[in-house]
Amino acid sequence: MGNRNSKNSKEKTLSKKEKQYPVKIQTEGWSMTKKHEQVLKQVLDSYNLQDVIEIILSLLGNNEIYYRFTRPNLFDISASNDFFIDPNWIKSQQQHSYGIRFVILGKHKSGKSALWMRFISGIFLSTFDPTMMETLRKQFILTKQCICLITIEEMIDNNEFSSLRDVFIGEADCIIITYDVSQPGSPIDYITPYLLYIQRLKVITTIIAGTKNDLGKSNDFLDHMDSFFDFCKQNNLCYIDISSKLDINVDFLFKYSVFRFWFDSLE
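Okay, so the sequence shown: first residue is 564 according to our numbering, each after it adds one.
Do not rely on the hints blindly, as some may be mistaken.
[Said to hold, decoys possible] Think about it this way: if two alpha-carbon atoms lie no more than 30 Å apart in a straight line, the pair counts; the simulated DSSO-like pairs of lysine-lysine are:
1) Lys654 x Lys604
2) Lys780 x Lys808
3) Lys780 x Lys672
4) Lys587 x Lys808
5) Lys765 x Lys587
Hints listed in this document are in silico derivations from the structure and should not be mistaken for laboratory results.
Using the sequences and the hints, build the whole thing.
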């Protein structure tokens, strides 16, 4: 009887937590679609302003929509909210010299180096060709009350370092998989091998970072977007669009990842 009650109590707690922190798709930004162009041209045509159509379109540009598939009640991009994270938990993580450990995985030229370079140094380099794994550290402000040390290991997609990569993943607290949204190919096909590799080693907080959004999303990504978010939900993954070049959502990616690591540690 006692074991049954304990089990029921635990299930209620987990159920309540899921209701408090649901996964949601959010968007920011906008994109000038063909449909938008057609409506604009119709309006300008009605006023005999056809000559200025191209000028107006060039001024409007073609900005990107940035997607987030996260738990916004846990932590969101809005700076107006001071989200809670247990300071005692943060303190316990800082007892180690490395603080909270991140490992960044992804194919060559998927934006791994640009991501940590923007986060650590605040700069963007269009070309960066590391020949070995990088280890970096940063004191990071999470909230007004909490500062934490973050250590980042960038893994080279090379069999030469496979055994060392296993060690780093085994010691990590959070994995970020970088996926270049501007490249052709299914995001599910890209991410699945990394996910299976990680799951073989340990259960760990894993976040997908959609990189290079400033270059525009490929048709393959847009065509598979709904099934991709279903895939993320089934595998308990969160997804965040970023641009290291334009410095969009980079800090948010790491902040959210720490909050998600804390959230996962409660289960």
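A quick look at each hint next to the structure:
Note on lysine 654 and lysine 604: the hinted pairing is violated, with a Cα-Cα distance of about 58 Å set against a maximum of 30 Å. With a CA separation close to 15 Å, the supplied pair lysine 780 and lysine 808 stays within the 30 Å bound. For the hint linking lysine 780 to lysine 672, the alpha-carbon distance of about 16 Å falls within 30 Å, and the restraint holds. With a C-alpha separation of about 26 Å, the suggested pairing of lysine 587 with lysine 808 holds against the 30 Å cut-off.
Simply put, lysine 765 and lysine 587 have alpha-carbon atoms about 26 Å apart, close enough for the 30 Å limit, and the pair holds.
The structure shown violates just one earlier hint, number 1.
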